[in-house]
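Novice: Counting from 1, position 70 in the sequence shown corresponds to residue 82 in this note's numbering; the numbering is continuous, with no gaps.
One thing to keep in mind: the hints can contain errors.
Using 30 Å as the maximum straight-line C-alpha spacing, the simulated DSSO-like pairs for lysine-lysine come out as follows [stated by the list, open to error]: (1) K58 <-> K174; (2) K174 <-> K61; (3) K174 <-> K161.
No lab work stands behind these hints, which were simulated from the structure alone. Being a predicted model, the structure only gives us computed values, none of them experimental.
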Amino acid sequence: MASQTALLTLIAILSAVLLWLWQHWRRAARADFIRRYAFPAGLFEKLQKRRPQLARKDCELTARALRQFFLAYLHGGRNFVSMPSQLADDLWHEFILYTRHYQQFCRQAFGGFLHHTPAVVLSRNRRSNAGLRRVWWQCCREENINPRKPSRLPLLFALDAKLQIADGFSYVADCRGQIARAGDDSRSGTPYCGADFADSSFDGDTDGFGDDNGSGDSGGDGDSGGCGGGCGGGGD
13 MASQTALLTL IAILSAVLLW LWQHWRRAAR ADFIRRYAFP AGLFEKLQKR
63 RPQLARKDCE LTARALRQFF LAYLHGGRNF VSMPSQLADD LWHEFILYTR
113 HYQQFCRQAF GGFLHHTPAV VLSRNRRSNA GLRRVWWQCC REENINPRKP
163 SRLPLLFALD AKLQIADGFS YVADCRGQIA RAGDDSRSGT PYCGADFADS
213 SFDGDTDGFG DDNGSGDSGG DGDSGGCGGG CGGGGD
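Build the full structure now, drawing on both the sequences and the hints.
Specialist: Pasting the structure below:
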């Protein structure tokens, strides 16, 4: 009886290890797919019609930032995410209009559809804030930045200011004690602070900050995206 119990225990341990290895492999494969994905022909031209000031290299930089957002969603466990860049949001929106390509991309990258969510900043909306903090945390990890005490911005958060997007969101790494925070969704030109993502004063919480679900692949290949009310950004 004891030997049978030991055998069952060993089988359970081996099964857990194999499951972890499989999830780790699948997550790595999905991340590699996102990094290597070739966006549909004509997509950059669509973005340039919306933003005529953009050169080709600007479109390519925007695509890198959008990939960073997709990786943040994957590595954040496919929980709800919010988009911090107006320009990356424009490209995401144009990409979604390539319906078949976008559906295939989501299926291979996430195992389910990632719905669109408009670009936002920290506000009194707790869900949007959690999505922003989650993206900030994962983007900082991607670029080896300390998310609590950032010395610079990850690309996705630096993009709008770098390319001088008039209606974009401008961030600085840490402006505590220097600039008053807007605390709303307006595009006032006031820089937003990366260090504020660790601050609970906006909504009394820091949900999403330091959020790391490890595998980013807890479920099967069903549609784990969706956001309940159809507002987008993934999550349940």
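Novice: Holds or violated: K174 and K161, Cα atoms, limit 30 Å.
Specialist: Holds, at roughly 21 Å.
Novice: Against the 30 Å threshold, does the CA-CA distance of K58 and K174 hold or violate the hint?
Specialist: 21 Å, holds
Novice: Taking only the CA atoms, is the gap from K174 to K61 under or equal to 30 Å?
Specialist: 19 Å, holds
Checked against the numbered hints listed earlier, the structure breaks none of them; every hint is satisfied.
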